[in-house]
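**Student:** Residue-level listing of the chains:
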Amino acid sequence: NAGVMQNPRHLVRRRGQEARLRCSPMKGHSHVYWYRQLPEEGLKFMVYLQKENIIDESGMPKERFSAEFPKEGPSILRIQQVVRGDSAAYFCASSLQGRDDNEQFFGPGTRLTVL
Amino acid sequence: RKEVEQDPGPFNVPEGATVAFNCTYSNSASQSFFWYRQDCRKEPKLLMSVYSSGNEDGRFTAQLNRASQYISLLIRDSKLSDSATYLCVVKPSNTGKLIFGQGTTLQVKP
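So the protein lines, in turn, are chains A and B.
Here the first sequence is numbered in my numbering, starting from 585 and rising by one per residue.
Here the second sequence is numbered in my numbering, starting from 2 and rising by one per residue.
It should be emphasised that the hints constitute simulated quantities derived from the structure, not laboratory data.
Keep in mind it's a predicted model, so treat the numbers as computed, not measured.
Take these hints with a grain of salt, some might be off.
[To be verified] Subject to a maximum C-alpha distance of 20 Å in a straight line, what follows is the list of computed EDC-like cross-link-like pairs (lysine to aspartate or glutamate): (1) B:K43 / B:D78; (2) A:K628 / B:E4; (3) A:K611 / B:D58; (4) B:K43 / A:E641; (5) B:K98 / A:E625; (6) A:K628 / B:D58; (7) B:K43 / A:E602; (8) B:K46 / A:D670.
[What the hints assert, rightly or not] Quick look at which bits of chain A chain B covers, simulated, 3 or more residues with Cβ under 8 Å: (9) 619-631; (10) 660-669.
Every residue gets a Cβ at the ideal spot worked out from N, C-alpha and C, and that includes glycine.
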């Protein structure tokens, strides 16, 4: 049973370009979470999605960032007009349900570098 | 004030030592508590959940004090393979998000 998959693992963009990060949850999981880890910092929650719905986007920057989890296919985190401060590791996690006692399993992350 | 605070360390200990990490959280509505482990440039992995009654998993013991909003992790008989960053994590009730501390780095030396 494959774990959470993320691609690409490394992504390099120039300032002003768009970055698209993909996340395929574990089989059977319908809850997806995105976290960002800036260099030398802890992980920060960005957004929580369930199939076709955004449940909580309280951690998303107001501009340039968006996320979706369509009925078919992976979850996508999109960053438009990237800036150097967007350089970070972006981790996706999934869980079977959204209840408190449900473990979130993390993918290997996408490391975004903005030149 | 950060929602979850940890001493970043690093803690440098010899093999076989006992080491303790502490963590405090600010949101009294927090419902669930965890310790995750993160190896360099890898994804976090769940080490153990933390319960009010305290719980043990082999060489690892976790404690929660809700009144003091304080969580601890004790590692006995440290191994070289325990070298990693340990993340204190809380989950407020009725929310899906995990709130991570900055992490405490442990380096076990031979």
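**Student:** Okay, which hints does this one fail, numbers in order?
**Tutor:** Violated hints (numbers, rising): 1, 3, 4, 6, 7, 8 and 10; every other hint is consistent with the structure.
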